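Trainee: These protein sequence lines map, in sequence, to chains A and B.
Each residue of the first sequence is one higher than the one before, starting from 1 at the first, in our numbering.
Each residue of the second sequence is one higher than the one before, starting from 1 at the first, in our numbering.
Just so you know, the hints here were simulated from the structure itself, not pulled from any lab data.
Everything numeric in this text was worked out from a predicted model, so none of it was measured.
Treat the hints with care, since some could be wrong.
Unchecked claim - Here are the computed distance ranges between Cβ atoms for each label pair:
(1) B:P61 / A:A16: 44 to 54 Å
(2) B:G3 / A:F64: 14 to 24 Å
(3) B:T14 / A:S80: 42 to 52 Å
(4) B:G28 / A:T27: 26 to 36 Å
(5) B:R51 / A:S12: 40 to 50 Å
(6) A:Q44 / B:R57: 20 to 30 Å
(7) A:L97 / B:A80: 31 to 41 Å
(8) B:E52 / A:P9: 34 to 44 Å
(9) B:R57 / A:I46: 35 to 45 Å
(10) A:T27 / B:T14: 39 to 49 Å
Every residue gets a Cβ at the ideal spot worked out from N, C-alpha and C, and that includes glycine.
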Amino acid sequence: AQTVTQSQPEMSVQEAETVTLSCTYDTSENNYYLFWYKQPPSRQMILVIRQEAYKQQNATENRFSVNFQKAAKSFSLKISDSQLGDTAMYFCAFIALTGTASKLTFGTGTRLQVTL
Amino acid sequence: ETGVTQSPTHLIKTRGQQVTLRCSSQSGHNTVSWYQQALGQGPQFIFQYYREEENGRGNFPPRFSGLQFPNYSSELNVNALELDDSALYLCASSRPGQGSYEQYFGPGTRLTVT
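Throw the hints in and build the complete structure from the sequences for me.
Mentor: If you want it as structure tokens, here you go:
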């Protein structure tokens with residue numbers, strides 16, 4: 001079974017600053033994807049960024065980038081130049097590419113507040 | 001491209017009743033997954049449907065059941081509602097058979113059981 005752990009229940013960052021959200025996971029799988037999802041107060045879950053486990057290069061999407069450390073089973077999200085619209089719950093999620101169902105396993109989330 | 005839609009937005013039911021939630025998948029996506037998100041928690045996988053068949057199930061009792069239709073839309077049915085079933089129910093669509101494992105979520109249905 002896979003588990004995803006987010007050890008920071010809440011974080012705060014000032015506008016234009018950089019913040020890093022932590023995520024660790026546990027799995028015996030070798031083929032998997034990792035994701036960060038954002039859930040604003042309006043509640044729709046939005047995909048922020050994905051990382052394929054077989055890729056060594058860290059994924060980047062505009063102001064969002066990850067630090068993927070496969071051996072350490074760590075997958076942190078860095079948000080640069082934080083904006084008020086980044087205020088949301090952030091969930092780290094894992095999906096194994098084996099088995100019949102491609103189900104997402106989520107962490108408990110980190111609530112990020114961006115302040116002026 | 002049409003995103004994932006869910007109906008209704010909110011629902012209030014009484015313990016013991018039955019409920020049906022609906023989901024339309026994103027255009028081109030043939031797989032639908034359902035998740036339950038309790039307040040303050042991450043979503044928990046209920047089950048997944050592919051080609052109108054249940055393709056995998058999480059740790060939920062049989063009173064949680066579903067359907068997928070030929071147009072890939074889906075329903076989640078919950079019988080004998082319990083207070084603990086109060087949650088946000090999320091539907092997500094994807095197309096893993098085409099090597100794309102991202103799941104795209106709908107806005108959710110907030111179910112309150114009293």
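Trainee: Assuming the hint says 40 to 50 Å, is it satisfied by the Cβ distance from B:R51 to A:S12 or not?
Mentor: holds (46 Å)
Trainee: Please test the hint of 42 to 52 Å on the beta carbon pair from B:T14 and A:S80.
Mentor: holds (49 Å)
Trainee: Between B:G3 and A:F64, does the C-beta distance stay in 14 to 24 Å?
Mentor: holds (20 Å)
Trainee: Taking the CB of B:E52 and the CB of A:P9, does the distance hold inside 34 to 44 Å?
Mentor: Holds, at about 40 Å.
Trainee: Starting from the hint 20 to 30 Å, judge whether the C-beta atoms of A:Q44 and B:R57 obey it.
Mentor: This hint holds: roughly 25 Å between Cβ atoms.
Trainee: Given a hint of 44 to 54 Å, does the C-beta separation of B:P61 and A:A16 actually sit inside it?
Mentor: holds (48 Å)
Trainee: Just tell me: holds or violated, for the beta carbon distance of A:T27 and B:T14 against 39 to 49 Å?
Mentor: Given range 39 to 49 Å: holds, Cβ gap about 41 Å.
Trainee: May I ask you to test the hint 31 to 41 Å on the CB atoms belonging to A:L97 and B:A80?
Mentor: holds (36 Å)
Trainee: Regarding B:R57 and A:I46, is the given constraint of 35 to 45 Å on their beta-carbon distance met?
Mentor: violated (26 Å)
Trainee: Would you say the C-beta atoms of B:G28 and A:T27 sit inside 26 to 36 Å of each other?
Mentor: holds (29 Å)
Consistency note: the structure conflicts with earlier hint 9 alone.
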